[in-house]
Structure formats: structure tokens, C-alpha cells
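Those sequence lines, one after another, are chains V, E, W and Y.
Numbering of the first sequence is given in our numbering, commencing with residue 1 and proceeding in unit increments.
Numbering of the second sequence is given in our numbering, commencing with residue 1 and proceeding in unit increments.
Numbering of the third sequence is given in our numbering, commencing with residue 1 and proceeding in unit increments.
Numbering of the fourth sequence is given in our numbering, commencing with residue 1 and proceeding in unit increments.
It is worth saying that the hints were derived from the structure and are not from the lab.
Keep in mind that a hint or two might mislead.
[Claimed, not checked] Covered stretches of chain E, going by a simulated chain W footprint (3 or more residues, C-beta under 8 Å):
1) 139-150
2) 190-198
[Stated by the list, open to error] Below are the DSS-like pairs computed for lysine-lysine, each with C-alpha atoms no more than 30 Å apart in a straight line:
3) Lys65(V) to Lys196(V)
4) Lys12(W) to Lys180(W)
5) Lys196(W) to Lys39(E)
6) Lys65(Y) to Lys12(Y)
7) Lys58(W) to Lys58(Y)
8) Lys190(V) to Lys180(V)
9) Lys58(Y) to Lys31(W)
10) Lys31(E) to Lys180(E)
11) Lys65(E) to Lys180(W)
12) Lys12(Y) to Lys196(V)
13) Lys196(E) to Lys12(W)
14) Lys196(Y) to Lys39(V)
[Stated by the list, open to error] Chain V side only, calculated, beta carbon under 10 Å to chain E, not exhaustive:
15) Asn20
16) Asn95
17) Leu102
Just so it is clear, the structure is predicted and the values come from calculations on it, not from any experiment.
Glycine is no exception: its CB is placed at the ideal position from the N, C-alpha and C atoms.
Protein chains: 4
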Amino acid sequence: MAVKETAKDALKIVMYLGSNRNPRACSRVAKFVQNALVKTNHEVTVFDPWELDLPVLKQAMMMVKDWSTLPERLVRANEALVASDAIVVVSGEYNHSIPPALSNLIDHFPLSSYAFKVSAIVCYSPGPYGGMRAAMQLRAMLGEIGTVSIPNIFGIPRVTGALSEEGEPLNDHMESGVGKLITQLDWYAKAIRDRKRENGTP
Amino acid sequence: MAVKETAKDALKIVMYLGSNRNPRACSRVAKFVQNALVKTNHEVTVFDPWELDLPVLKQAMMMVKDWSTLPERLVRANEALVASDAIVVVSGEYNHSIPPALSNLIDHFPLSSYAFKVSAIVCYSPGPYGGMRAAMQLRAMLGEIGTVSIPNIFGIPRVTGALSEEGEPLNDHMESGVGKLITQLDWYAKAIRDRKRENGTP
Amino acid sequence: MAVKETAKDALKIVMYLGSNRNPRACSRVAKFVQNALVKTNHEVTVFDPWELDLPVLKQAMMMVKDWSTLPERLVRANEALVASDAIVVVSGEYNHSIPPALSNLIDHFPLSSYAFKVSAIVCYSPGPYGGMRAAMQLRAMLGEIGTVSIPNIFGIPRVTGALSEEGEPLNDHMESGVGKLITQLDWYAKAIRDRKRENGTP
Amino acid sequence: MAVKETAKDALKIVMYLGSNRNPRACSRVAKFVQNALVKTNHEVTVFDPWELDLPVLKQAMMMVKDWSTLPERLVRANEALVASDAIVVVSGEYNHSIPPALSNLIDHFPLSSYAFKVSAIVCYSPGPYGGMRAAMQLRAMLGEIGTVSIPNIFGIPRVTGALSEEGEPLNDHMESGVGKLITQLDWYAKAIRDRKRENGTP
Numbered sequence: 001m002a003v004k005e006t007a008k009d010a011l012k013i014v015m016y017l018g019s020n021r022n023p024r025a026c027s028r029v030a031k032f033v034q035n036a037l038v039k040t041n042h043e044v045t046v047f048d049p050w051e052l053d054l055p056v057l058k059q060a061m062m063m064v065k066d067w068s069t070l071p072e073r074l075v076r077a078n079e080a081l082v083a084s085d086a087i088v089v090v091s092g093e094y095n096h097s098i099p100p101a102l103s104n105l106i107d108h109f110p111l112s113s114y115a116f117k118v119s120a121i122v123c124y125s126p127g128p129y130g131g132m133r134a135a136m137q138l139r140a141m142l143g144e145i146g147t148v149s150i151p152n153i154f155g156i157p158r159v160t161g162a163l164s165e166e167g168e169p170l171n172d173h174m175e176s177g178v179g180k181l182i183t184q185l186d187w188y189a190k191a192i193r194d195r196k197r198e199n200g201t202p
Numbered sequence: 001m002a003v004k005e006t007a008k009d010a011l012k013i014v015m016y017l018g019s020n021r022n023p024r025a026c027s028r029v030a031k032f033v034q035n036a037l038v039k040t041n042h043e044v045t046v047f048d049p050w051e052l053d054l055p056v057l058k059q060a061m062m063m064v065k066d067w068s069t070l071p072e073r074l075v076r077a078n079e080a081l082v083a084s085d086a087i088v089v090v091s092g093e094y095n096h097s098i099p100p101a102l103s104n105l106i107d108h109f110p111l112s113s114y115a116f117k118v119s120a121i122v123c124y125s126p127g128p129y130g131g132m133r134a135a136m137q138l139r140a141m142l143g144e145i146g147t148v149s150i151p152n153i154f155g156i157p158r159v160t161g162a163l164s165e166e167g168e169p170l171n172d173h174m175e176s177g178v179g180k181l182i183t184q185l186d187w188y189a190k191a192i193r194d195r196k197r198e199n200g201t202p
Numbered sequence: 001m002a003v004k005e006t007a008k009d010a011l012k013i014v015m016y017l018g019s020n021r022n023p024r025a026c027s028r029v030a031k032f033v034q035n036a037l038v039k040t041n042h043e044v045t046v047f048d049p050w051e052l053d054l055p056v057l058k059q060a061m062m063m064v065k066d067w068s069t070l071p072e073r074l075v076r077a078n079e080a081l082v083a084s085d086a087i088v089v090v091s092g093e094y095n096h097s098i099p100p101a102l103s104n105l106i107d108h109f110p111l112s113s114y115a116f117k118v119s120a121i122v123c124y125s126p127g128p129y130g131g132m133r134a135a136m137q138l139r140a141m142l143g144e145i146g147t148v149s150i151p152n153i154f155g156i157p158r159v160t161g162a163l164s165e166e167g168e169p170l171n172d173h174m175e176s177g178v179g180k181l182i183t184q185l186d187w188y189a190k191a192i193r194d195r196k197r198e199n200g201t202p
Numbered sequence: 001m002a003v004k005e006t007a008k009d010a011l012k013i014v015m016y017l018g019s020n021r022n023p024r025a026c027s028r029v030a031k032f033v034q035n036a037l038v039k040t041n042h043e044v045t046v047f048d049p050w051e052l053d054l055p056v057l058k059q060a061m062m063m064v065k066d067w068s069t070l071p072e073r074l075v076r077a078n079e080a081l082v083a084s085d086a087i088v089v090v091s092g093e094y095n096h097s098i099p100p101a102l103s104n105l106i107d108h109f110p111l112s113s114y115a116f117k118v119s120a121i122v123c124y125s126p127g128p129y130g131g132m133r134a135a136m137q138l139r140a141m142l143g144e145i146g147t148v149s150i151p152n153i154f155g156i157p158r159v160t161g162a163l164s165e166e167g168e169p170l171n172d173h174m175e176s177g178v179g180k181l182i183t184q185l186d187w188y189a190k191a192i193r194d195r196k197r198e199n200g201t202p
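Taking the hints into account, I'd like the entire structure generated from these sequences.
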């Protein structure tokens with residue numbers, strides 16, 4: 001993996017967290033993935049349900065006419081999303097399904113903010129299966145909101161033994177796993193970005 | 001369909017709604033299904049995200065030691081769930097996925113409250129596919145929380161043309177559709193209830 | 001787990017294998033699960049795609065009027081399925097999806113042969129995630145064919161290190177994992193069987 | 001929709017059919033989609049399980065060292081797949097799941113033949129839900145084999161009333177539905193193709 005970018009051409013990535021608690025296992029995975037993205041010259045903006053603290057969705061942004069009635073932080077977040085090239089979801093699972101805090105966060109934004117973007121999934125679990133059950137629902141959802149989900153999914157079983165609290169890898173699979181994911185994400189996101197620049201979108 | 005019950009042996013059903021708005025298409029479906037359940041001698045308790053108005057899940061009930069710190073309405077709802085024989089989910093879809101208000105509601109309760117219960121899915125959409133995409137994620141989730149999902153799924157495409165605001169059927173498929181669902185739900189829920197009474201649970 | 005049965009009341013289980021090769025990792029899992037089922041007084045009939053050697057489905061049995069034109073082994077297998085109380089699927093994944101040999105085998109039989117039966121999933125993988133991606137599709141499929149899928153799924157990551165070729169457990173999770181699955185399967189299958197005996201089916 | 005191509009730059013599309021029978025509803029959908037693709041200057045090669053008549057997968061091509069032992073038609077089909085830019089799957093559902101003839105066909109080919117390709121789903125059903133349940137499993141599978149699945153899915157409920165046997169549209173939704181799908185497919189497939197030409201693949 002040798003993704004090298006001039007700063008001006010760096011991909012803009014929005015990283016969604018799936019956890020609505022703090023402290024949480026999600027933080028170690030998020031730190032690790034964010035570090036790996038930054039090292040490979042990607043710009044990362046984090047969407048954290050715990051910080052954004054949004055209510056359970058009643059009306060999505062696209063149904064609201066006057067956005068001045070919306071929380072400022074939600075409008076700011078949407079601007080970052082619109083400006084981004086790709087999204088990366090870092091999530092565990094809740095009852096082996098998508099955590100409600102995550103689907104709630106995803107659903108707040110207009111579909112137009114997701115259109116013609118690339119998405120990637122990093123999932124984890126305290127136990128043996130790496131969050132793959134929620135990841136399967138998430139891949140479906142990421143397609144339905146209008147992103148193309150890259151084939152590679154990076155799943156981390158027994159997460160507290162795999163990454164330290166500071167997001168340092170504790171086994172040999174972490175670096176290669178995240179590397180494969182980022183290489184693929186970078187490739188697809190640039191394919192999409194370049195076509196948008198040259199041809200616009202339909 | 002000829003499900004007849006003495007009041008004392010009626011199945012107790014908790015009906016989850018998937019909508020966090022009001023007014024909403026969900027109400028017409030909920031009224032229709034509730035009427036059909038009551039007519040066939042089932043007792044129905046409604047769990048409505050809009051009325052229960054729960055925050056985005058931070059900590060599930062099973063993680064909370066002192067339930068006196070929880071909202072009274074949540075503790076009451078859990079008591080109704082524990083006392084129930086089956087759950088029926090009446091939901092549309094959000095971005096063709098499970099509405100966050102619904103997964104949030106489901107996830108608040110302890111897994112022990114769902115164990116050895118039967119579940120059924122009624123889904124709908126304003127458009128042609130009847131909410132089947134969310135239903136597929138929902139069937140997975142209902143299994144993972146510990147219920148057995150009955151095979152029949154009752155999907156209602158173009159819902160506002162299928163049921164009136166008062167929940168009256170506007171086409172020929174509604175009565176037969178809900179009838180099949182309830183017959184199957186009733187059969188399975190009694191199978192499970194009777195074994196629980198005689199043998200307990202493992 | 002203390003499931004004890006007189007021979008006459010033993011549950012009849014059909015065990016589907018997902019592998020169409022031989023030798024294969026599937027055999028060690030199948031032996032292990034079959035041994036565990038027999039030890040707990042269950043009768044097991046194995047449906048093996050490699051032995052049954054069915055063609056890719058053109059016409060399901062329920063579309064065929066004259067079953068004397070069908071392979072004898074298929075008609076015999078269907079008789080065993082009709083007589084059974086539950087099915088257990090033991091399968092890896094193919095491209096992280098249901099192996100075609102398995103869906104092909106399942107689809108040959110009439111839906112009436114599956115109705116009011118209980119199903120359980122044992123999945124495995126050579127790698128870390130235990131076959132959970134295929135299991136999610138399989139749980140959906142098992143619902144759609146008319147069975148109720150028990151909540152517990154027994155997933156075995158790194159299968160060749162977990163079970164010997166003879167189906168002997170090589171780590172501590174195997175016995176407890178299969179035990180939980182069988183206890184739950186047994187409980188649900190008897191609930192369904194007893195209601196069928198007493199009330200028939202709708 | 002105004003996708004116009006010089007012949008030399010036309011996208012090469014492989015169209016997978018999901019049906020292993022003849023006559024079949026699949027043919028009317030396939031004709032309709034193929035016509036629409038050709039009219040918009042795409043080259044289409046059809047992979048038809050009924051014509052290719054492959055056995056139930058025992059060993060995928062990537063496991064076979066000497067391809068001269070394989071059926072000639074399978075090796076030829078793989079060459080067409082390797083040369084293609086995108087795949088379109090036209091499929092109904094079997095027990096609301098992926099037809100085994102389709103997953104069998106998909107699984108025969110090496111993963112390297114799918115890598116960095118775009119995929120699209122056209123699904124249909126005789127009844128009301130348009131095959132969306134199988135489509136959800138198919139989207140998962142298309143990701144796992146290494147393609148990126150475009151967000152739009154074109155589902156056709158009550159297919160025999162929607163398209164004639166010759167693939168002529170019988171209602172107003174057909175042209176707009178296939179148009180949206182092709183516009184999106186074309187856009188993504190060119191994004192991917194252009195980046196492959198200029199940068200290769202990782």
C-alpha cells in the first residue's frame with residue numbers, strides 16, 4: 001500500500017462512529033482507523049453520535065424547509081458530508097444489528113448528501129465474529145442511502161485484545177487489514193471523484 | 001381462520017410501532033392490525049416510539065443496576081413485555097432499512113424479556129415493494145434478540161390506497177393477509193406458551 | 001444441558017450439509033454435531049449434496065405431477081423430511097454467501113415438507129468470522145421456506161483448529177456451543193411437535 | 001437519460017439470468033433490459049444458466065489448475081467476464097432467496113474476474129414485492145464477490161402484467177425504471193473503467 005497524496009488532492013473522509021457511549025471500545029478502533037487514514041494522506045472528519053447528541057429522528061433534514069430551525073451542529077455536519085468524497089463507518093453491533101445511534105445519525109442527513117459517494121465498513125465485536133452480522137445489514141443500508149460500498153469489510157473480533165485504548169495494534173492482522181481497506185477505499189473514491197469533476201453526475 | 005379464545009386464555013401481544021411521527025401512515029396500519037387481533041381475542045399493548053419518547057440508547061436496561069433511575073414508562077413497558085406471549089412489529093422503512101426509532105425501542109429492553117417469545121412482521125411502504133427490504137433486516141434482528149420469527153410476513157405496498165386513516169381495508173388483500181399472519185402467529189405463540197407452562201424454559 | 005428422551009419420543013432431525021465436495025471441512029463439523037445430537041437422544045438423517053447428487057434445480061418437486069419420474073433418492077429424502085420434526089443446517093459459506101449446493105438442495109423439496117418445522121444453523125469458516133455472513137442469508141431463507149429459525153446460531157471460526165477430522169473438539173467452546181444450540185432446538189421442536197399432535201396445523 | 005457512446009468506447013456488460021427453465025418469465029425481463037442496454041450503446045453478453053448448463057459447483061475455476069479439463073463454454077464465458085466492465089443480474093427469486101442456478105453460475109468464476117467491476121440488480125416477481133427479498137441477499141453477495149453494487153435496484157412486481165413476452169413494456173414505470181438503472185450503471189462503470197485505464201488496480 002503506497003497511497004500518497006499532495007495535501008490539495010487528499011480525499012475528504014467522514015468517519016461515522018456507531019457508539020453512543022463514552023468510554024467505549026469504539027474509540028480504540030476509531031483512533032486506529034483515523035491514524036491509518038491520516039498517515040495515508042486522507043482528511044478525516046468524525047461524526048460521533050455521543051458528541052452530536054441528536055434526538056431520535058422524527059423528521060429528516062430533507063423534510064425540513066427552514067434549516068435555521070435545526071441544530072447548528074447538524075447543519076455544519078451536513079456541510080462536511082456534502083464536501084466529502086467518502087464515508088467510513090466504524091461500528092460494533094447492538095443485538096448483532098446496526099446500533100440505533102448509528103442508523104439514527106445516518107438517517108438525519110439528506111440522501112443528496114450521500115449520492116455518488118463511496119462507503120467502507122469497519123466492524124468489531126468483543127466476541128468471536130467481528131460484528132459481521134451488523135455489517136451485513138449496514139452494507140445493505142449503505143447501498144440504499146445511495147453510496148457504493150467497497151467490497152472489502154474490515155472486521156475485528158475480540159477487539160480489546162486486538163487494539164489498545166490508544167488505538168495501537170496488538171496483533172499482526174490489524175495493519176494489513178486496515179491497509180487493504182484503505183487501499184480499496186482510496187482507489188474507488190478517486191475513481192468516483194475524478195468522474196464527478198470531469199462529467200458531473202446524472 | 002377461526003381463532004377463538006376465552007378471555008382468560010387470550011394471548012398477550014405487544015405491538016411495536018416503527019414510526020416516530022404523528023400523523024403518520026403507521027397509524028392506519030396499526031389500527032387495522034390491532035382491530036384484527038382484538039377481533040380474534042388477543043390482548044394488545046401498543047409500544048409507540050412517539051409516545052414513549054425514549055432517548056437514543058446509551059445504556060440498555062440490562063446494564064442499569066438501579067431501575068428506579070429509569071423513566072417509569074420504560075419500566076412499565078418492560079413489565080408488559082415480560083408478561084406478553086408474542087410481539088408484532090408494524091413498521092415502514094427508513095431508507096429501506098429499519099427505522100432508528102424502532103431499533104432504538106427494541107434495544108432498550110433486556111434480552112431476557114424477549115426470550116422464548118414469538119414475533120411477527122407487518123411492513124408497509126408508500127411505494128410498490130411493501131417495505132420488504134426493511135423486513136429482511138427486521139427478521140434478522142428479531143432472531144438475534146431471541147424471538148422466533150414466524151415465516152409469514154404481511155407486506156402492504158402503496159399503503160395509503162390499501163387502508164383508510166381509520167384502518168379500514170380498501171382492497172381485498174388486507175383481510176386475507178392479516179388473517180394468515182394472525183392464524184400463524186396464534187398457532188406458534190400457543191405452542192411456545194404451552195410448553196413454557198408445562199416445562200419451563202432451559 | 002440434560003435432554004433425555006425415550007427412543008420412541010426422540011426428535012427426528014434432518015441434517016443438511018452445505019458442501020458438495022469430499023474430502024471437506026464440512027465432514028468434521030457434521031460428525032461433531034451428529035454425535036452431539038445422537039448423544040442427546042435425537043434421530044439424525046443426513047442430507048448430503050455430494051451423495052444426493054441432484055441437478056441444478058429446474059423444476060421443484062411441487063411442480064412435478066408424476067413423482068415416479070423423479071430420482072428415487074429424492075422421493076425417499078422427501079419422505080424423511082416430511083417425517084422429521086426439525087432441520088439442522090451445517091454449512092460453510094461460498095463467497096460469504098449460501099453455497100449453491102445447499103440452496104439447491106433446500107429448494108428441491110416442497111414447501112409443505114418444511115411447514116411447521118423448526119430449524120437451526122451451524123456455520124463455520126477457515127478464517128475468523130465463522131461463516132456468519134452466509135448464516136444471515138440462511139436465516140432469512142429458512143424463514144421464507146416456512147420454518148422457524150431458533151435464535152441461537154453456532155458459528156465456528158478457524159474450523160480446522162476447532163475440530164479434528166473425526167469431529168473431536170479441539171477447544172473449549174465446541175461442547176458448550178453445540179450444547180446451547182441443541183438445548184434450544186430441542187425445546188422449540190418439542191413445543192411445535194406437541195402442538196401439532198394435539199391441535200394439528202392451520 | 002442521454003447516454004451516447006461511440007461503438008469503440010461502449011461499455012461491455014455481462015447479463016446474468018437467474019432462471020434455469022425455458023419458457024420463463026425471466027426471458028421477457030431479459031429482453032427488455034437487453035434492448036434498453038443496446039439502445040444506449042452498451043454491448044451485452046448473456047450468461048444463461050439454462051444454456052450454460054453447468055453442474056452444481058464442486059470446485060470453482062480458481063481451484064482448477066488445468067483449465068483444459070473444464071467445459072469449453074465455461075472458459076469462453078470467463079473470458080467474456082474478464083473483458084467486461086460491468087455485470088447486470090436479471091433474476092426472480094426462489095423461495096424469496098437467490099435462485100440456486102444463479103448463485104451457482106456466479107460462483108463458478110474466479111474472484112479475479114469480478115474484481116473492480118460494477119454490478120446492477122434487476123429483480124421481478126409474479127406477486128407484489130418485485131423480488132426485493134432475493135435482491136437484498138444478492139446485493140450482499142455481489143459485494144462479497146468483489147463488485148460494487150450500484151445503489152439503484154430495479155424491481156418489477158407482477159411481472160407478466162408489466163412486460164410482454166417479447167419484452168415490450170406494458171406500464172409507464174418500465175421505461176423510467178430501466179432508464180434510471182442504466183444511467184447510474186453507466187456512470188459508475190465508466191468511473192471505474194477510466195481509473196483502471198489510467199492507474200491500473202491495486
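We went through each hint and held it up to the structure:
Check result for the region 139-150 of chain E against chain W: holds, 10 residues qualifying (beta carbon to beta carbon below 8 Å, three or more required). A count of 5 residues in the region 190-198 of chain E with a Cβ less than 8 Å from any Cβ of chain W is obtained; the coverage claim is therefore met, three being the minimum. A threshold of 30 Å between alpha carbons decides the hint, and for Lys65(V) with Lys196(V) the separation of about 27 Å falls inside it, so the pair holds. Of the pairs offered as hints, the one joining Lys12(W) and Lys180(W) holds, with about 18 Å between alpha carbons and a cut-off of 30 Å not exceeded.
With a CA separation close to 24 Å, the supplied pair Lys196(W) and Lys39(E) stays within the 30 Å bound. At roughly 28 Å between alpha-carbon atoms, Lys65(Y) and Lys12(Y) fall within 30 Å of each other, so this suggested pair holds. About 19 Å separates the Cα atoms of Lys58(W) and Lys58(Y), which keeps this hinted pair within 30 Å; it holds. For the suggested pair Lys190(V) and Lys180(V), the alpha carbons sit about 16 Å apart, so the restraint of at most 30 Å is met.
Distance check on the hinted pair: Lys58(Y) and Lys31(W) sit about 21 Å apart at the alpha-carbon level, within 30 Å; holds. Taking the CA atoms of Lys31(E) and Lys180(E), the gap is near 17 Å; set against the 30 Å cutoff, the hint holds. This hinted pair checks out: Lys65(E) and Lys180(W) have alpha carbons roughly 27 Å apart, not beyond 30 Å. About 21 Å separates the Cα atoms of Lys12(Y) and Lys196(V), which keeps this hinted pair within 30 Å; it holds.
Taking the CA atoms of Lys196(E) and Lys12(W), the gap is near 21 Å; set against the 30 Å cutoff, the hint holds. Restraint check for Lys196(Y) and Lys39(V): satisfied, since their Cα atoms lie roughly 24 Å apart, inside the 30 Å limit. Interface restraint check for Asn20(V): the shortest CB-CB distance to chain E comes to about 5 Å, inside 10 Å, so the restraint holds. With its C-beta approaching chain E no nearer than about 5 Å, Asn95(V) sits inside the 10 Å limit, and its interface hint holds.
At about 8 Å, the closest approach between the beta carbon of Leu102(V) and any beta carbon in chain E falls short of 10 Å, and the interface hint on this residue holds.
Checked against the numbered hints above, the structure breaks none of them.
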